[in-house]
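Going down the list, the protein sequences come from chains A and B. Each residue of the first sequence is one higher than the one before, counting from 1 in the working numbering. Each residue of the second sequence is one higher than the one before, counting from 1 in the working numbering.
No wet-lab data here; the hints were simulated from the structure. Bear in mind the structure is a predicted one, so any value in this text is a computation, not a measurement. All C-beta atoms in this analysis are idealised placements derived from N, C-alpha and C, irrespective of residue type, glycine included. Treat the hints loosely; a few may be bogus.
[Stated by the list, open to error] Subject to a maximum C-alpha distance of 20 Å in a straight line, what follows is the list of computed EDC-like cross-link-like pairs (lysine to aspartate or glutamate): (1) B:Lys-258 / B:Asp-234; (2) B:Lys-113 / A:Glu-117; (3) A:Lys-113 / B:Glu-19; (4) A:Lys-55 / A:Glu-304; (5) B:Lys-113 / B:Asp-101; (6) B:Lys-258 / B:Glu-159; (7) B:Lys-183 / B:Asp-173; (8) B:Lys-55 / B:Glu-19; (9) B:Lys-113 / A:Glu-175; (10) A:Lys-55 / A:Glu-117; (11) A:Lys-183 / A:Glu-117; (12) B:Lys-183 / B:Asp-224; (13) A:Lys-113 / A:Asp-101; (14) A:Lys-258 / A:Asp-102; (15) B:Lys-113 / A:Glu-304; (16) B:Lys-113 / B:Glu-35; (17) A:Lys-113 / B:Glu-175; (18) A:Lys-113 / B:Asp-224.
[As the list claims (entries may be wrong)] So the derived label-pair ranges between C-beta atoms look like this: (19) B:Val-114 / A:Lys-108: 30 to 36 Å; (20) B:Arg-106 / A:Asp-143: 54 to 60 Å; (21) B:Ser-11 / A:Lys-108: 42 to 48 Å; (22) B:Pro-139 / A:Phe-51: 17 to 23 Å; (23) A:Gly-107 / B:Glu-14: 57 to 63 Å; (24) B:Val-114 / A:Gly-269: 38 to 44 Å; (25) A:Lys-55 / B:Ala-142: 33 to 39 Å.
2 protein chains.
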Amino acid sequence: MTTALSEPERSPLEAFMEERRRRVEAALDAALPPETAWPGTIHRAVRYSLFAGGKRIRPILVLAAGEAVGGGDADLLPLACAVEMIHTYSLVHDDLPAMDDDDLRRGKPTSHKVFGEAIAILAGDALLTRAFHLMAELPGEADAVAIRRRLQATAILGEACGMSGLIGGQVEDLESEGRAIGKDALERLHRAKTGALLSACVRGGGVLGGATEADLHCLARYADAIGLAFQVVDDVLDATGAAETLGKTAGKDAAAQKATYVSIHGLAGARSLATRLLEDALLAVAPLGDRGRHLAGIAQLIVERES
Amino acid sequence: MTTALSEPERSPLEAFMEERRRRVEAALDAALPPETAWPGTIHRAVRYSLFAGGKRIRPILVLAAGEAVGGGDADLLPLACAVEMIHTYSLVHDDLPAMDDDDLRRGKPTSHKVFGEAIAILAGDALLTRAFHLMAELPGEADAVAIRRRLQATAILGEACGMSGLIGGQVEDLESEGRAIGKDALERLHRAKTGALLSACVRGGGVLGGATEADLHCLARYADAIGLAFQVVDDVLDATGAAETLGKTAGKDAAAQKATYVSIHGLAGARSLATRLLEDALLAVAPLGDRGRHLAGIAQLIVERES
């Protein structure tokens with residue numbers, strides 16, 4: 001009786017996300033050798049960053065998109081793990097002294113602070129390699145349709161984290177530091193650096209789940225909208241969070257010559273852009289009906305989050 | 001008449017290798033966006049290292065193994081390009097200041113000397129990503145058999161360059177610096193760092209070419225032998241090259257506490273090990289008969305090379 005009373009109220013979306021997050025954690029753990037495997041250092045470094053408390057939003061998007069079109073865990077979990085490994089590798093490399101030179105990530109010392117630069121570079125390489133290796137591992141009984149879908153999803157993933165996606169975005173980000181860039185250049189940067197991988201989660205999940213052409217069209221439009229919304233909201237939170245807690249104004253980014261959606265559109269403009277993108281995401285998945293409810297909920301969470 | 005006279009004499013093996021090398025160069029060029037693609041820096045950096053004059057021994061092994069069992073260019077070239085991209089990424093990252101800190105590679109400044117550390121790290125990441133992306137790109141008309149083989153070859157590649165292969169070997173190499181390691185540890189290090197990728201070239205080429213189980217058994221044994229032979233000969237050349245040109249003895253590696261096949265087996269012992277490994281490689285491909293002649297020739301070249 002008391003346990004029933006003390007259980008927190010969870011919305012169906014929260015329950016969905018929490019349950020999927022647990023499956024992803026277990027699958028990630030199973031996809032890696034134990035820390036005792038040879039040579040130990042690299043396994044410890046890989047696990048240190050991969051299990052550092054990420055929200056697993058990308059794998060959950062894979063599962064939500066794939067399940068919306070009829071896919072199950074066996075179809076979807078390899079990509080769910082792969083996108084989280086790739087997201088983590090990109091953080092480990094971005095934090096390196098030669099890149100953004102960050103000492104802390106999610107409140108913990110970054111990989112190179114704990115393991116040294118050489119191992120941090122190799123741990124990132126290992127996560128990227130394992131992601132694609134995982135996509136190529138198939139149960140012996142897999143049929144021709146499953147194999148073809150796996151390869152298609154891998155191609156989507158490869159494009160998203162390559163030179164016109166994740167890596168290109170990071171290069172552009174490095175090169176635009178201290179330089180004023182315009183609205184179009186900013187959008188291109190974020191579509192590559194953040195949007196491409198988020199979009200690959202949704203479209204790749206759709207492909208693996210057996211999406212029809214019409215479904216895929218909906219998913220792609222949804223992915224496009226949330227990919228941008230994610231960054232717009234990040235910029236808004238950055239500006240307003242700083243304003244509230246440090247007494248600084250939203251102008252600090254502009255002063256630091258860092259182009260953001262707030263510096264370009266203003267705070268009100270950025271907020272209304274986020275709202276428009278959310279509306280677009282909801283419209284995009286409307287044709288999926290009830291199947292698209294988790295995707296709709298996640299879009300809402302992304303835009304309405306406060307951290 | 002004069003042109004006919006002035007043409008150099010080439011053995012059938014040399015002609016085979018030169019012709020395949022040209023195909024690989026063209027395929028690598030076609031697999032990458034032009035330097036003018038956005039963002040330019042990363043494309044210049046990737047091409048700088050990929051076209052720095054490598055001998056393309058790994059892609060040639062893919063083609064030789066795959067052709068020996070009946071494969072053609074359409075089956076084999078994606079893996080041939082992928083292994084060269086992965087070999088190049090590993091060199092770019094190994095040369096970084098945090099790793100081996102090398103300024104020169106094949107007589108040219110290393111990537112980080114030309115483009116800076118951040119771009120060198122990202123160029124390595126980009127080559128690794130493009131390698132796996134390429135493996136996932138299929139012509140629309142590919143049949144179920146070709147698709148299944150492609151995925152199998154990708155899994156072999158992923159294993160070879162992961163934490164129990166290329167990356168594990170590099171970690172072990174970093175950690176064994178200045179430490180005495182024994183014969184077994186040295187062999188494990190080199191099987192991972194050099195042998196695994198060479199083996200993946202031969203076995204992956206075999207899978208893509210449609211090797212039977214019996215063929216694959218021959219190819220795996222061949223790959224095992226040449227993978228080790230490659231490193232043994234490297235160590236012999238290092239020791240004797242230094243002895244001849246610098247007046248130093250083969251003992252210098254031992255003095256630097258770097259374990260090599262020469263420091264462990266002695267020069268004569270290392271040479272006879274290389275000969276035994278060559279014999280094993282030739283025996284391994286003997287059942288392939290004439291189909292295995294190029295593989296046999298390449299093994300001979302690896303062991304009898306002088307640089």
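Return the numbers of the hints above that this structure violates; sort them in rising order. 3, 6, 10, 11, 15, 18, 20, 21, 22
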